[in-house]
Amino acid sequence: MIKAITGTKDILPSEISKWYFLESIVKKKLSNFNYKEIRTPIFENTTLFARGIGEGTDIVSKEMYTFLDRSGESITLRPELTASVVRAFIEHSLEKKQSLNKFFYIGPMFRQERPQAGRYRQFHQFGAEALGSNDPLLDAEMIIIAYDILSELGLKNLEVKINSLGVPSEREVYKNELKEYLKNHFSKLSEESKKRFNTNVLRIFDSKDERDIEIMKKAPLLINYLNEESLNHFEVVKSTLKNAKINFVVDSSLVRGLDYYTHTTFEIVSGSVGSQSALCGGGRYNGLIKELGGSDLPGVGFAAGMERILLACENENILNLPEDKIDLYIVTLDKSKSDISYKIAVELRRKNKIVELDYLSRSVKAQMREANKFNAKFVLFVGGEELNNNEVILKNMIDGTQENISLSDIDKLLYKLGE
RNA sequence: GUGAUCAUAGCUCAGUUUGGUUAGAGCAUCUGGUUGUGGCCCAGAAGGUCAUGGGUUCAAGUCCCAUUGAUCACCCCA
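Under this note's numbering, residues 1 to 419 are what the first sequence spells out, in order.
One thing to keep in mind: the hints can contain errors.
[As the list claims (entries may be wrong)] List of simulated lysine-lysine pairs, BS3-like, C-alpha gap at most 30 Å:
#1 LYS325 / LYS335
#2 LYS395 / LYS335
#3 LYS179 / LYS195
#4 LYS416 / LYS377
#5 LYS218 / LYS175
#6 LYS3 / LYS28
#7 LYS161 / LYS194
#8 LYS62 / LYS29
#9 LYS161 / LYS27
#10 LYS353 / LYS62
#11 LYS412 / LYS353
#12 LYS337 / LYS325
#13 LYS18 / LYS353
#14 LYS245 / LYS29
#15 LYS373 / LYS325
#16 LYS395 / LYS343
Please keep in mind that the hints were generated in silico from the structure rather than gathered at the bench. A quick note: this is a predicted structure, and the numbers were derived from the prediction, not measured.
Can you make the complete structure from the sequences, with help from the hints?
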């Protein structure tokens, strides 16, 4: 048997309604904030992600699906969408049409990691990007949008974590101070963190190793190395969140694994899923557009993992999706009259009714059982004596009443179905 | 990439400890329960290379090894 690739998953018809539900909330909420959907290709030149996300990041160095196409070009399945959106923004000179561009997206991403709860190799994200403004209101807006979507779904067990990473010059000074501090404790660090000391010293804050956590408790904090402008930016973000009635904690260890972040970073975690608890994350990336060959414009955005969100919803048991129903099931009493049943079905379907009928020449009992399985609101019996009088029987499946309707009076049938 | 646990019907699982007739149940599916009417109920049917390959044994779903896959955690991130 040929099976789906490791880490990929079929979304079957039985579970599609929760995806539609989530997608509809996402689109509605982002439209309310006047973000416009953008759809970029599933694959891009490898260089885009290497430069955008950063060569040294785990995503680029060991998680991307990269391959050579038939002409020898290095292609990568998108592992995230910020780089692609920025590429499209630059390529189409969108900043010339509008000084602030607000985009949202929704779709599959690819990373070759070991699968586990809430983590797949093909997974789905929605997210937003606002390009062209350094206004801290937009930093806060990302958090507000993400938080509102999660709470509109009914999720309870949430925590909003925010931090500021300042600008690169501040971070350089700080990194040196942090390294000075860590040199005295170097031998006690975990092996992983010893490596990070050289590659990305900030990420030692992410470690779950007890010894590392203990050492990092007394480490100098980046916030103390930010200048007034950066601090003000962060203050406005915080007060905007307070005004929007969003509870948050400042988490100085919130250092994200993508190189492009500046100033605000945030994450919303759920206590209702396993260890992959970050439902969404994002932040400001003021150097990225220039890095990818565009003007020196600021940007801010976030991305959210849809599988994780749905997992949290299931674990909190908060999704009450409307039951699937069909308007009409046509039961054919005489198999020889199935052409008449089908003609009625086509006509009603063209009038926007959900209509089903039997394609397997089954007994009346079997057809009724199926009508019930599909939650048919009405059943139409076609055949027998009534048909000889040019009539069909319409049965209301809720109260069981039935009445004869003339076969030529489709309007009456439509009217009845609409009741 | 590392580790732990697991793999029996479409699904959820018994059976493996202590090897021994024809591998079971519930749900789901299908067909009936008298002419042309659902849900509940009743009866019946169908559905298995016990993940795959090898080994031990008179005998393997059961014990051993390998492979593959899954789950969870590390790591990383959404």
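Consistency of the hints with the structure:
no. : hint            : result
1   : LYS325 / LYS335 : 25 Å, holds
2   : LYS395 / LYS335 : 19 Å, holds
3   : LYS179 / LYS195 : 13 Å, holds
4   : LYS416 / LYS377 : 11 Å, holds
5   : LYS218 / LYS175 : 15 Å, holds
6   : LYS3 / LYS28    : 36 Å, violated
7   : LYS161 / LYS194 : 26 Å, holds
8   : LYS62 / LYS29   : 35 Å, violated
9   : LYS161 / LYS27  : 24 Å, holds
10  : LYS353 / LYS62  : 51 Å, violated
11  : LYS412 / LYS353 : 14 Å, holds
12  : LYS337 / LYS325 : 26 Å, holds
13  : LYS18 / LYS353  : 22 Å, holds
14  : LYS245 / LYS29  : 17 Å, holds
15  : LYS373 / LYS325 : 9 Å, holds
16  : LYS395 / LYS343 : 19 Å, holds
Checked against the numbered hints given earlier, the structure breaks hints 6, 8, 10 and satisfies all the rest.
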